[in-house]
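Enquirer: Chain by chain, the residues:
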Amino acid sequence: MNSPRQSFETIAGCKVNVQRAGKGAPLLFLHGAQGVPGWLPFMADLSERFEVIVPEHPGFGRSDTPEWLDNMADLAYFYLDFMATLGLAKVNLVGTSLGGWLGSEIAVRDQHRLRTLTLVAPAGIHVKGLPKADIFLWSREETIRNLVADPVLAEKMLSQPQTEEQIDLMLKNSFTVARLAWQPRLYDPHLYKWLHRITLPTLILWGDSDKLLPAAYGPEFQKLIPGSKLQIFKNCGHLPHVEKKDDYVAAITKFIAGARA
Amino acid sequence: MKFFCFHLMPYADLDLDYAKKYNSAWVTLPNSYYDPKKGHVLYNHYLDELEYAETVGFDGICVNEHHSNAYGLMPIPGVMAGALARRTNRVKIAVLGRALPLLNNPLTVAEEFAMIDVMTGGRLIAGFVRGIGAEYHSWGVNPAESHDRFHEAHDLILRGWTETGPFAFEGKYYHFNYVNVWPRPYQQPHPPVWIPSQGSRETIEWAVHPSRKYTYLQTFSPVSALARYMQMYRDEAEKHGYTASPAQLGWAIPTYVAETDEQAHREAKPHVENFFNRFLRMPPEMLLPPGYLSLASMKGVMKAKGAMTGGEQTIDSLMEKGIFMCGSVDTVVQKFEEYQKQIGFGNLLVAMQFGTLPHELAMKNMKLFGDKVIPRLRHLAEDAIPAQAKAG
Numbered sequence: 001m002n003s004p005r006q007s008f009e010t011i012a013g014c015k016v017n018v019q020r021a022g023k024g025a026p027l028l029f030l031h032g033a034q035g036v037p038g039w040l041p042f043m044a045d046l047s048e049r050f051e052v053i054v055p056e057h058p059g060f061g062r063s064d065t066p067e068w069l070d071n072m073a074d075l076a077y078f079y080l081d082f083m084a085t086l087g088l089a090k091v092n093l094v095g096t097s098l099g100g101w102l103g104s105e106i107a108v109r110d111q112h113r114l115r116t117l118t119l120v121a122p123a124g125i126h127v128k129g130l131p132k133a134d135i136f137l138w139s140r141e142e143t144i145r146n147l148v149a150d151p152v153l154a155e156k157m158l159s160q161p162q163t164e165e166q167i168d169l170m171l172k173n174s175f176t177v178a179r180l181a182w183q184p185r186l187y188d189p190h191l192y193k194w195l196h197r198i199t200l201p202t203l204i205l206w207g208d209s210d211k212l213l214p215a216a217y218g219p220e221f222q223k224l225i226p227g228s229k230l231q232i233f234k235n236c237g238h239l240p241h242v243e244k245k246d247d248y249v250a251a252i253t254k255f256i257a258g259a260r261a
Numbered sequence: 001m002k003f004f005c006f007h008l009m010p011y012a013d014l015d016l017d018y019a020k021k022y023n024s025a026w027v028t029l030p031n032s033y034y035d036p037k038k039g040h041v042l043y044n045h046y047l048d049e050l051e052y053a054e055t056v057g058f059d060g061i062c063v064n065e066h067h068s069n070a071y072g073l074m075p076i077p078g079v080m081a082g083a084l085a086r087r088t089n090r091v092k093i094a095v096l097g098r099a100l101p102l103l104n105n106p107l108t109v110a111e112e113f114a115m116i117d118v119m120t121g122g123r124l125i126a127g128f129v130r131g132i133g134a135e136y137h138s139w140g141v142n143p144a145e146s147h148d149r150f151h152e153a154h155d156l157i158l159r160g161w162t163e164t165g166p167f168a169f170e171g172k173y174y175h176f177n178y179v180n181v182w183p184r185p186y187q188q189p190h191p192p193v194w195i196p197s198q199g200s201r202e203t204i205e206w207a208v209h210p211s212r213k214y215t216y217l218q219t220f221s222p223v224s225a226l227a228r229y230m231q232m233y234r235d236e237a238e239k240h241g242y243t244a245s246p247a248q249l250g251w252a253i254p255t256y257v258a259e260t261d262e263q264a265h266r267e268a269k270p271h272v273e274n275f276f277n278r279f280l281r282m283p284p285e286m287l288l289p290p291g292y293l294s295l296a297s298m299k300g301v302m303k304a305k306g307a308m309t310g311g312e313q314t315i316d317s318l319m320e321k322g323i324f325m326c327g328s329v330d331t332v333v334q335k336f337e338e339y340q341k342q343i344g345f346g347n348l349l350v351a352m353q354f355g356t357l358p359h360e361l362a363m364k365n366m367k368l369f370g371d372k373v374i375p376r377l378r379h380l381a382e383d384a385i386p387a388q389a390k391a392g
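Protein sequence lines correspond, in order, to chains A and B. According to the numbering used here, the first sequence is numbered sequentially starting from 1. According to the numbering used here, the second sequence is numbered sequentially starting from 1.
These aren't lab readings, by the way, just hints derived from the structure by calculation. Everything hinted at is true.
A few chain A positions that, by computed beta-carbon distances, are all more than 12 Å from chain B: (1) 3; (2) 5; (3) 7; (4) 9; (5) 13; (6) 90; (7) 196; (8) 199; (9) 208; (10) 214; (11) 215; (12) 227; (13) 258.
BS3-like cross-link-like pairs, simulated, lysine-lysine; straight-line CA separation at most 27 Å: (14) 15/A - 172/B; (15) 128/A - 193/A; (16) 15/A - 299/B.
To spell it out: a stretch of chain B is covered by chain A in this simulated footprint if at least three of its residues, at any positions, have a beta carbon under 8 Å from a beta carbon of chain A; those stretches are: (17) 133-142; (18) 278-290; (19) 293-300.
Treat the numbers as computed from the prediction; the structure is a model and nothing was measured. Here a beta-carbon is modelled for each residue, glycine too, at the ideal position from N, C-alpha and C.
Kindly produce the complete structure, drawing on both the sequences and the hints.
Expert: Here you go:
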């Protein structure tokens with residue numbers, strides 16, 4: 001197993017924490033609202049085949065919170081600068097939840113450094129009649145119970161005590177999520193109009209038991225992104241990379257291998 | 001000392017069994033719990049109470065803004081201030097306040113306040129607040145922008161009152177080509193500004209600045225917190241090279257006076273406990289949305305035990321902490337006198353109706369307070385620079 005290399009990169013005046021491991025085609029992972037708790041097993045698995053690059057977004061984790069950070073557009077432009085500065089090309093972009101929204105915002109703006117796009121239970125759009133849950137009214141316990149489908153896994157996650165440092169990071173991350181996604185709640189009312197601009201091979205993954213962003217959003221994204229594929233994981237909540245790690249890694253690996261060059 | 005009668009206008013007829021089905025009287029409690037016919041009676045009782053405050057000798061009356069809850073039914077406080085403006089002659093009318101970050105256009109506050117001030121010939125006190133955390137849920141305003149929007153809205157309103165219009169205003173959140181507030185306020189350069197807070201260093205540092213010298217109100221807090229924040233205000237004033245006057249400090253506290261200590265305790269008990277345990281009930285996620293407080297303040301609050309969202313309060317625990325004042329005339333006079341001498345506030349804002357307290361008891365409370373308590377405390381704070389401040 002590859003252990004990651006950690007570095008700080010300064011881009012657009014903002015110092016961000018980046019972990020990288022593995023060799024091969026670049027795979028840039030965009031984390032969700034909870035940030036990056038560490039080098040997770042799915043990252044290690046993916047790094048067997050790809051150069052996995054895992055930054056913490058501006059405003060999250062050990063990255064700076066820059067003055068300019070107001071909305072998801074700011075974050076999207078930041079990542080276009082990030083890829084340019086690091087000289088990344090033919091990037092396989094994988095974004096989960098808030099990171100899936102971010103991946104969409106990046107791709108509608110400029111996809112010339114991208115090769116494929118994988119959106120995992122992405123936020124970013126709203127469809128009338130398809131209600132989403134309100135993450136901001138959930139306690140920590142409710143959040144964990146609602147994010148995973150398997151109650152045993154939820155109990156296991158809840159039984160792990162939080163350190164002082166983890167509480168600090170959780171607060172910092174939640175502040176930034178509020179800044180980016182409080183209103184409108186977890187979406188950009190204009191994004192849906194431009195998702196047709198995405199011409200990359202695109203894979204959409206969703207858990208069938210997602211209580212935050214229901215899987216019914218999967219077909220909606222699929223309709224909006226021409227030629228995209230949708231795969232649903234059974235008995236899976238909002239975090240397929242945790243709950244269905246092997247299926248998740250296999251789906252992404254297969255998709256990228258099969259994508260046109 | 002100056003005395004203000006403070007009101008929240010709660011929905012006192014709330015079915016308290018709501019608590020079996022809902023975790024709060026805010027944000028998500030269905031408005032089917034509100035009966036407009038009962039509400040009609042309550043509004044008129046509450047307005048009678050505030051009008052009566054003038055009769056029994058208060059210097060001012062206070063209304064305020066809350067949204068989407070049973071706790072306070074004045075979402076547009078200017079409606080109440082307008083009703084009271086024509087039924088009172090002498091008292092100050094304090095709107096505490098408008099919650100500036102919740103508003104899309106702060107110039108509506110500049111207008112509303114100026115209207116009240118002109119109608120009353122300068123009896124308005126202008127209160128500016130950020131609103132309770134729950135209101136960021138109800139109103140769909142981003143709590144992470146709360147501080148910045150508050151400051152920008154404040155600057156816009158003050159400039160609207162004090163600069164000749166039209167002028168352009170280019171902020172981050174508000175943009176106008178033609179700021180031109182009609183009517184202009186009666187009081188010049190502008191009405192007195194009061195800043196209610198539950199305690200925040202950032203708010204105090206801002207309010208105490210020599211360019212503002214705004215009156216700081218500590219609301220519904222333990223007396224130990226009151227003492228700490230008032231001392232902080234005075235210390236900050238000294239750093240700016242001036243001595244804060246008692247008029248710059250105020251304390252808002254629900255208060256109940258009756259014929260004896262025992263009677264006061266008995267009459268107030270269910271109503272004040274309902275107030276804290278039912279009307280003010282909400283989970284931490286509702287009270288403190290992310291960004292509403294700075295990271296440092298948020299951590300402080302999370303660590304502090306017995307915050308408002310803690311377990312059930314009793315009248316005794318509330319009295320012990322000095323969050324609720326209750327007793328005979330002698331007891332209440334003695335305690336307020338002691339606290340005033342120790343802490344040095346010059347404005348006392350008493351909520352004479354709270355929670356489910358019925359109209360008749362609220363009126364009795366006001367009469368006793370006005371007739372018997374105010375005259376005995378009136379002389380305080382005329383020369384009240386507390387000992388610590390002198391020594392400092």
